[in-house]
Amino acid sequence: MSSNGRIAPSTLSVKDLPWQIHWDKDRCSLCGRCTAVCPVHAIELGVHRQRLVETPVGLTEAPSNVYRVYYGIRQRTDPSYACVGCAMCTLVCPNDCIIPYRSDEADKLRYHINRGGQPRRRGGRRNVPGGVLDQIKFIRISMLTDPALDAGRHEFELRTLLGRVLPPEENMKLLHEEGWIPPVREIYPLMIGAMSFGALSPNMWEGLQMGVAYLNEELGMPVCICTGEGGCPPRLLRSRFLKYVILQIASGYFGWDEIIRAIPEMKEDPCAIEIKYGQGAKPGDGGLLMWYKVNKLIAAIRGVPPGVSLPSPPTHQTKYSIEESVAKMIQSMYMAWGFRVPVYPKISGTTTALAVLNNLTRNPYAAALAIDGEDGGTGAAYNVSMNHMGHPIASNIRDCYLNLVKLGMQNEIPLFAGGGVGKSGNLAANAAALIMLGASGVQIGKYIMQAAAGCVGSESDRCNICNIGLCPKGITSQDPRLDRRLDPEQVAERVVDVFLSFDTELKKIMAPLGRSTSLPIGMSDAIGINDQAAAERLQIRYVV
Amino acid sequence: MENGRRLESRVLEERIQKAVAEGHRCLEVEAYGQHGIGGRLWRAGDVPVYMKINGSPGQRVGSMGFPNTQIEIMGPASDDVGWLNAGAEIIVHGHTTNGVANAMAQGKIYVAGNVGARAMTMTKYNPRFDPPELWVLGSVGDYFAEFMAGGIAVVCGHEAQDPDNVLGYRPCVGMVGGRIFFRGPHKGFSQVDAKLVPMSDEDWAWLVKNLQVFLEKIHRSHIFEQLSNRGQWQLLVARSPHEKATKPRRSVGTFRQEVWEKELGTGGLIGDLSDLDRSPIPVITTGDLRRFVPVWENRKYVPPCEANCPTGMPVHERWQLIREGRMDEAVDLALAYTPFPATVCGYLCPNLCMQGCTRQTANMVPVDVKELGKASLNAKLPELPALTGKRIAVIGGGPAGISVAWQLRQEGHEAVIFDMDKTLGGKITSVIPETRIPKEVVSAELERVRKALPHIHLQQHPTREDLEQLKVDYDFVVIAVGAQKPRILPVPGKERMIPALDFLRQSKQDQAQVGKRVVIIGAGNVGCDVATEAHRLGAEEITLIDVQQPASFGKEREEAERIGAKFRWPCFTKAVTKEGLELTTGEVIPADTVIISIGDQPDLDFLPETVATERGFIVVNDIYQTTDPQIFAIGDVVKLGLLTDAIGAGRKAAQAITDILAGKRPQSDTRRMIDYSRIKLEYFDPRLMQFDDIQACAEQCSSCGVCRDCGICVTICPQGAISKQEAGNGDFEMVVDPDRCIGCGFCAGACPCGIWSLVENEPLV
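The listed protein sequences derive, respectively, from chains A and B.
Residue 375 in my numbering is what sits at position 375 of the first sequence, and the numbering runs on without skipping anything.
Each position in the second sequence, counted from 1, maps to that position plus 1000 in my numbering.
Only chain B is shown next, with the shape it has when bound in the complex (with noise of 0.2 Å):
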């Protein structure tokens, strides 16, 4: 105040800096509400400048303080005492408002009262100077230490405002630094920034040190004595930033077990519907843990050359056999599926296992059963069971009769060929020409069955009496007659037609002619057959006709090519005339010799009326049992089919009536082939087109569906779970131990024969 006027603050600022600047060291200030009085006193140096204030000074008494500065605030004080203070003593003989101390960094703040509101809050420490102080005689108003980072607060909680909460309402929040003494109740503070610790001899010393000097300041020396009660105090520092890091909360694992499974019982929400182990597993188990175990299924599919085989045999297995060095069994082996090993795998068959060898998916040669085939001419006749007394009676001495009576022996019943011919063989010997295969190839394979089975050479045809009879004389009749009856167009000139199962009957009794220009109605194979033969015979000419693409095929339709036939289709007959063939296009093929090769079919004029046909065919179940329960059929007589599809219809039947007459629901193999796919070629010589020798043949089949023994499970296994495990017998097996595998299928992946399978385990709940 001046002359009853207030001075603005301003100007009073530029009146105290004038009065320092001028030498002046202790002033005196009538204070009516200015701001910031008392700060920024620089310009005297190092000499301490004494102020006083009377009055009311506005907010910011003393901020921005200078160590010099020495302030005493006779009463009350505003807002923000000490703001920002870089060192200045302050001393309020009163209460103040909020924000003391607010900022403050250095010099030391003494206060005779209570504060206000974020007192102390945002300080700072500097390491080059001593911490700032705040001494407050009562109590701190609310949020008091908000982001306190640095120096030391006193709470005397002496005449406190609020005597129950010297601290007021939630201090320290965000404290990260300094130390806070105060005595008396508080209410609470940020337990995630601050804590209170125990008080040390050497905090307690500085504390009663400075608490005189406190209230010296404040002239209150005479409650010293009442205040300088340690028990009464407490002190409360910030928490380091590694302990804000973990608040103090309870683990979910205790809560889980003091509280959820307290409320809800034993294994919690649902402890009481379900007694499964529900603990935490890892991602890679093993044991019942797995999701997919891998299962050994060795011989559980049928390899594709066995399968595609008609007959059944079980290539691979010879193969395996031989890999083994046991050429002999792997011979010998073959007599027990077929009568002829070499005439049929050797020479006549087209082989389909070797069509269906899974090697060809790779366009790969297949393995060369041919071979094997024609050494099975030195397989030995094994030793025959004793006779059980069982007779069975097959009519027809073909390769279907000879194949059930063979299969029938075999299992110690005894079967009778009743055959027109003298020589048993059928076709074999009497049509498919010489120059397919070696007289005696096929002799030495029908030396070997006569050793085993009786022929009786019938003169006439059987008639439908002679069946009734052997009906009554055998347990069972399997009527194997074959298909001998040419198909004839009913065409003009048809009687100038040769069948061309005669032609070829006679063509190796050397008993056929034929002209210079031939032609043959039918390209099938056995046209093809006609073909050759004829060329043989002298022909020059000879031209094939059918009505479609001709479906010869294999070494037949080479073999005509070869000899320079010439096919043709679609070509309809018309006539037959001395001229030739006309077709009706009204075209004349000239023609000295007119073969039909259209196909035979079978004479059935002896059958009973118990068995039922289908267009001139028999017809059987998948036993090949007619509709007379104790009479079979197989062969041509059932359907025209290749050698293999006769023998093997002569092993099934065989084997059907071997359960029937055991008392057993006969059995077929239900086993399905093996998917290409599971079976890996890449472990073959891609580039190989020709086999060395058997052995060489043997190396590259791949063994599918059949465990080879090859040992690649075992050592693919990256836990070491596979191990071999021989049964005794010379067999073996391949065991996963559940305890080491974890199902991940590398033996399935990596198996050459497909034998490992990984499917999905037993479902748990």
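The following block holds chain A by itself, in its conformation from the complex (with noise of 0.2 Å):
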């Protein structure tokens, strides 16, 4: 600030910022690589003016001023420019000489950012680190009880069922009768979740495909990943892979005349169709996509013409009640494919889960349930939304689990949880938990794209600037000069290491458990935390 600069409401000094820039003048060599790189502009190049005060020793001679001028990295104070710590600077720098540090005190910019009444918004995650599942603790451990099995010589069958499974009586009934019996695919229970073709950058959307592609056709791991709403690239339905995609429909109904159209030219059927009617980042609110996203590309996967704005509302226009919004929906969505592929609907983390699957245990073709949970992430939200909204996956998953056997459906409507799995790096003991609090498989988003593509983003608030395409990873960037930072082919190397090793991990953890070919779902009994409410809430045992 000048000497008789003035100071605004929103005049911050940069103490007030979330992040502090440190930089150190002896080892800067001004290369330039840290302005040059940084996303926001957060940073540039000042001009320091230096006083030397020169008074001889003894007063021998009067004393003198001296100016010199130097140059250094100067961290800028406008809010618009304040550093989101995203530390690509510290990345390219040659001399290691700057790196930003979190604030010792929470920030004055929260209370600024919401200039022209705008509020935050913003990408990334629930600002809020840890959570109930890291603290879920496997406690049953058997050596000589059940058979004592070995995660790294044992053979192991990790899969799921995606699929309404009838019991077994009713099941040879229809057999019997040559009736219809719902579709049911086996799939890896890991599975990576909705991210568009937009909200991802065609680089990584490929990489995490073509990992998926290699997982099934070179290891034999029926991993599957969810499109998203955003369409689905023409050559990907039309290829053999789609077997691995599971389609997604939302309020936006984005690129379905596309996938419609492609249906004839199909040579295999999607794994499964996911109806989105809530993400866990943004309980109740839609996404919209800015006019100046949409370029050529986007635009014709979508099928609009570039340079539009494309809203997905927060509902879906034309159904009114859950009867016939599930039903509706589940039964249109079957017909596209012949009744041949397993439809379900993915909600956020609500109190009214258990409405949502009172409504599917009779609704013969649900074929599971997806519950995102608070802790999810999004390519943008407001930031009230995503603090704020939603509700914690474990409880939520529970409680429609512990339903489920109150009907004695347990086995016949799978659920599906995600948001925030592997928030802290747990991936596994996070999967795990949620699959013996009742889930059949979980959903990642967030976790693949920190593990494969090396996303910083970080519950502290770090980066989370997915939704103004300046990802400096190439992640969430529409802009060639950022997407192309990242190599399909390396996401894709990346995606295989991460299954490969969960898949290790989660051995680890059933192996124990004397299970080797059938998922512990629900197997609460192997499970305990050192937290006697949320013992109590989740049914499971509290152990200190």
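Think of the hints as simulated: they come from the structure by calculation, not from any bench.
Using N, Cα and C, we set each Cβ at its ideal position, and we do this for glycine too.
One or more hints might be untrue.
In silico DSS-like cross-links for lysine-lysine, where the CA-CA straight-line distance does not exceed 30 Å [to be verified]:
#1 B/Lys1217 <-> B/Lys1244
#2 B/Lys1262 <-> A/Lys267
#3 A/Lys508 <-> B/Lys1244
#4 B/Lys1555 <-> B/Lys1380
#5 A/Lys173 <-> A/Lys108
#6 B/Lys1244 <-> B/Lys1187
#7 B/Lys1639 <-> B/Lys1494
#8 B/Lys1187 <-> A/Lys508
#9 B/Lys1300 <-> B/Lys1508
#10 A/Lys243 <-> B/Lys1494
#11 B/Lys1639 <-> B/Lys1370
#12 A/Lys296 <-> B/Lys1262
#13 B/Lys1370 <-> B/Lys1262
#14 B/Lys1508 <-> B/Lys1555
#15 A/Lys508 <-> B/Lys1471
#16 B/Lys1485 <-> B/Lys1471
#17 B/Lys1370 <-> B/Lys1209
#18 A/Lys508 <-> B/Lys1124
#19 A/Lys328 <-> A/Lys243
#20 B/Lys1439 <-> B/Lys1262
#21 B/Lys1639 <-> B/Lys1566
Label-pair distances were calculated between CB atoms; the ranges are [to be verified]:
#22 A/Gly307 <-> B/Thr1254: 37 to 47 Å
#23 B/Met1673 <-> A/Pro306: 30 to 40 Å
#24 A/Leu354 <-> B/Asp1277: 49 to 59 Å
#25 A/Asp257 <-> B/Glu1726: 54 to 64 Å
#26 A/Glu105 <-> B/Pro1241: 32 to 42 Å
Quick partial rundown of chain A residues pointing at chain B, CB under 7 Å, derived from the structure [unchecked claim]:
#27 Leu45
#28 Ile139
#29 Glu206
#30 Leu236
Each chain sits in its own coordinate frame; assemble them with the hints.
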């Protein structure tokens, strides 16, 4: 600030910002890489004047002033250019002399990110680290009581079912009568959840798909991936890889005309159809892909002209009751593929999940229920939705499972859990905990972005700028200048690594339970928690 | 068995140990399922002990066997034969069940049949001893050689239990050491842990030699020929830790080429939708791949001095010329903008350029234009162009009128000034006190003006008819008559008030007289001038009143305060009497003379109907054109203002007229003032309070928005991407090599003048 500059209410100092750039003058070579790479222009070259007062010892001569000018990296304090902590500067610095640090106190910026009355919007996740899943321990370790299994030695078949499983007698009856038996897929219990082409960059999307195809075809792991709402590239629709893909339909219906027109040319049925009613990151809110992100490519895939804004409203327009919403959509989507493809709804974690589930139990077509908990991530949402809306996944999935148990249908409608699985890096442990609480499988999004593409986002509000298309890793950007930082092949490689290591870890958890071929779905006697209230709520063992 | 009764395992063990301790070296056991028979016979020392077992031994025959021990089981054996064997030789003349040789570290086990699951698992090799050996005549069961860590297994596949798979299901999982010779078909083994290797002659020689021994031990030497066909044998060895790290699977790169793109087509998922290059790029990029690019925005914005000067004087450019040592040009340049560079810039102007100077934003002393203005007294009249034949009548010979005529003449148009005064100059000559400006400065500049401009001295006020005639005779008429009609308060005794302009005019001609006590209504700058003049003429007690906080400032105010004038506000005049000035409060300020200085109004009686007015002033558009397109109006007749406002209006009106005469749409400078924040004052000394001379002043000018060719950008660019390109005409340009530039913005950050700007690159899609 200049010496007679004024302050406005939103004039902030570096101290007020969430991230402070520490820069070491002595080591800096002024190479310009940090300012060139900063996604938000939070740093710039500064001209600094240094004053030296030279006073001779003994005061033998008159003291004098000497000025000298030096250059340095300066952090900007305008809220629009506040450092997001991505640390790309640190990454590119040849001399390790620049790094952002999280402020030692709650920032003041949060009170000012609403210029023009527009509340803060961002990408990322709920800015609350940790969670109940990380506290769950696997306390049943069979050494002698059950056949002791060795994760490294024994054979495991980690598979789960996606689809409506009929009771055996009914199944036999229908088989005998040659009636319709709901399609069921045997899939890997860890799925890549919905992230649209558009939310993700082309290279990221292709990398994930390629990794999934590799896992299926080279390693025999039936991993599946959901497209998210944004259509599906025509080539993928017409390839055999479609069978690893869950097509999502949501309130914006983008790309669906392209999908419908591709049906006659499809070599394979898709794995399943997910009907999105809600999203864990922004429950009850929709999305808007801004016009400037709708480039030629996105437009072609979504089946729209370029340069128009694409709204996905919070709700589907033509559905007015739960009965109607669910039944109508499920029926329609089954019809599209001749009742050969499982169709299931996805909702955000909510106290009304039980109502939805009860409805599904009465609908013989409902293939599953996916619930996305409050810790889910997104490309863009209001901060308030992300931080404060939604239901934790653990208790939501548990309630649903116990409800199915009450109805005697726990093996009939699989539940899929998502939202914060692996948020602290404990992917297998979180997944296993959810499975033992009653989930048939789990969906991941942020985790795969972090592990497969190096997303630097965190619950400490680091980076989280997916919404403005400036992703420094090229994960959520449509700008080739950023997108091309990501090599799809390397993403695929990392996807493979993630699933293989997950596989081993899950086995390490399952082996001591004596399970090798069937997932311990709902095996809640194997888990415990060091929190009495949580234990009671989840109806699992309290251990201290 | 003893007397028809089975001895329990413990008792049998005690008997055997006792027998050995007593010196027995050849034992025969009639087994009946006892556990662990034949192990641990260390009491015999190095002397060999032979044990023959008839019947059915229980599990773990020969477990923890010692090297001195040879055990021969005459029939089949149960689980874990030779468990933890530490050196015993165990011969089984039948099949065995599961776990043969489990954890065996030394010794040999010869089985004349098939073995069950998990044989040769967890075996060891201790380098201090020979490796353990397991010989199986038939086949092995499932999970063979799990975690095998050493030793040699030989599976002969003779009369195998499963002739199609002599190694059983999933052998070698976790195998880390040892070798397995086998004969016959197999159905796979753990590729991660083991590998088939060609058998060397040495291996084969070992196998043949020991096969003979094995067959002798189990009394089957006759099948040696049958088994010793080298082509039927294969050798499995454990992979080294290094080999295990690289699991044999297709690379993703190969998968992409051979599977992914083969199925989807070239370019993968979106190869059909996009022809953009999607290959990986580095994080730091150049050329088209830069996210941001620097732009040299020289002269794109108006410097604050120029923007703040109503005349539009490019002050910075004059400093630049001085820095370049072209003092004369710097001085002469002024005449292109004003006919009064010395009078106005040097003396009378409050110098809005200096008030707006960027240096002020950092509390630094602005570069002093006053000195430069004074030096302009010597500016030489430029050579005037030949006349175009276009004629413009200018009514009013004050600063506005002179300015417009001056500019028009420089464009080659003939501008004739019609004025009531004998001499040109308007308020400059008639009312501004000489304390504010030396007479010779004004006369010198007016002399320069007179050389360029004709002047018609009017004897009487122009009339409406005169104006109509001028419209006929001239292409355009510019009204610049100023505001001459004093505003008077409608209060009792208003006839006692002396209008300020009258007073000042008379004072300049030394015809004014004042009493000892003077009250001045209106404490603006004119009021201040009046106060100063009154003081000069002998007034002792001078009071300026105003209805609000006085708006006076600068030199005028300072002078008035210096001579001891009192300022009072808010004061509302009720009447003027011979005692003085009576306020609405009833107070009377004693006064011998009351001068009113609350502004003047134009005298517009001569205007034709076509020229619209509002509240006593002429209405003009942004090029100073009145509602009559042939008539322009400038100066106080439009809006009361400073001298520089009048001069600037003249300049702009002249430009508009010139444009219209040239058949062009009048153009005005639409450039915006440069943002102060772009200028880097850090390059200058903040403790500098005054400038020694004009040269020193020029050096401290930050040349806002106009490149001063300091070369900092060329130097700071980490990529060496910036260079200076001469344009030939003395002009130059700073250019960026896109193939070097990384878009770091250092040029913009370092530029003292705020020329460089970092802007988003053109979108690629």
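Here is how each hint holds up against the structure:
1. B/Lys1217 <-> B/Lys1244: Violated, at about 37 Å.
2. B/Lys1262 <-> A/Lys267: Within the cut-off at roughly 15 Å; holds.
3. A/Lys508 <-> B/Lys1244: holds (20 Å)
4. B/Lys1555 <-> B/Lys1380: At roughly 28 Å apart (the allowed maximum being 30 Å), lysine 1380 of chain B and lysine 1555 of chain B satisfy the hint.
5. A/Lys173 <-> A/Lys108: violated (66 Å)
6. B/Lys1244 <-> B/Lys1187: holds (21 Å)
7. B/Lys1639 <-> B/Lys1494: Status holds; Cα separation ~25 Å.
8. B/Lys1187 <-> A/Lys508: With Cα atoms ~27 Å apart, lysine 1187 of chain B and lysine 508 of chain A stay inside 30 Å; holds.
9. B/Lys1300 <-> B/Lys1508: violated (46 Å)
10. A/Lys243 <-> B/Lys1494: Judged against 30 Å, a Cα distance of about 101 Å means the pair is violated.
11. B/Lys1639 <-> B/Lys1370: holds (26 Å)
12. A/Lys296 <-> B/Lys1262: holds (25 Å)
13. B/Lys1370 <-> B/Lys1262: violated (80 Å)
14. B/Lys1508 <-> B/Lys1555: holds (19 Å)
15. A/Lys508 <-> B/Lys1471: violated (103 Å)
16. B/Lys1485 <-> B/Lys1471: With Cα atoms ~25 Å apart, lysine 1485 of chain B and lysine 1471 of chain B stay inside 30 Å; holds.
17. B/Lys1370 <-> B/Lys1209: violated (116 Å)
18. A/Lys508 <-> B/Lys1124: holds (26 Å)
19. A/Lys328 <-> A/Lys243: holds (24 Å)
20. B/Lys1439 <-> B/Lys1262: violated (94 Å)
21. B/Lys1639 <-> B/Lys1566: Holds, at roughly 29 Å.
22. A/Gly307 <-> B/Thr1254: 37 to 47 Å: holds (39 Å)
23. B/Met1673 <-> A/Pro306: 30 to 40 Å: Roughly 38 Å apart at Cβ, these two residues keep to the hinted range, so it holds.
24. A/Leu354 <-> B/Asp1277: 49 to 59 Å: Given about 51 Å between the Cβ atoms, the range holds.
25. A/Asp257 <-> B/Glu1726: 54 to 64 Å: Given range 54 to 64 Å: holds, Cβ gap about 60 Å.
26. A/Glu105 <-> B/Pro1241: 32 to 42 Å: violated (50 Å)
27. Leu45: holds (3 Å)
28. Ile139: At about 27 Å, which exceeds the 7 Å cut-off, the nearest Cβ of chain B leaves the hint on isoleucine 139 of chain A violated.
29. Glu206: Hint on glutamate 206 of chain A: holds, closest Cβ of chain B at ~4 Å, below 7 Å.
30. Leu236: Result: holds, 6 Å to nearest chain B Cβ.
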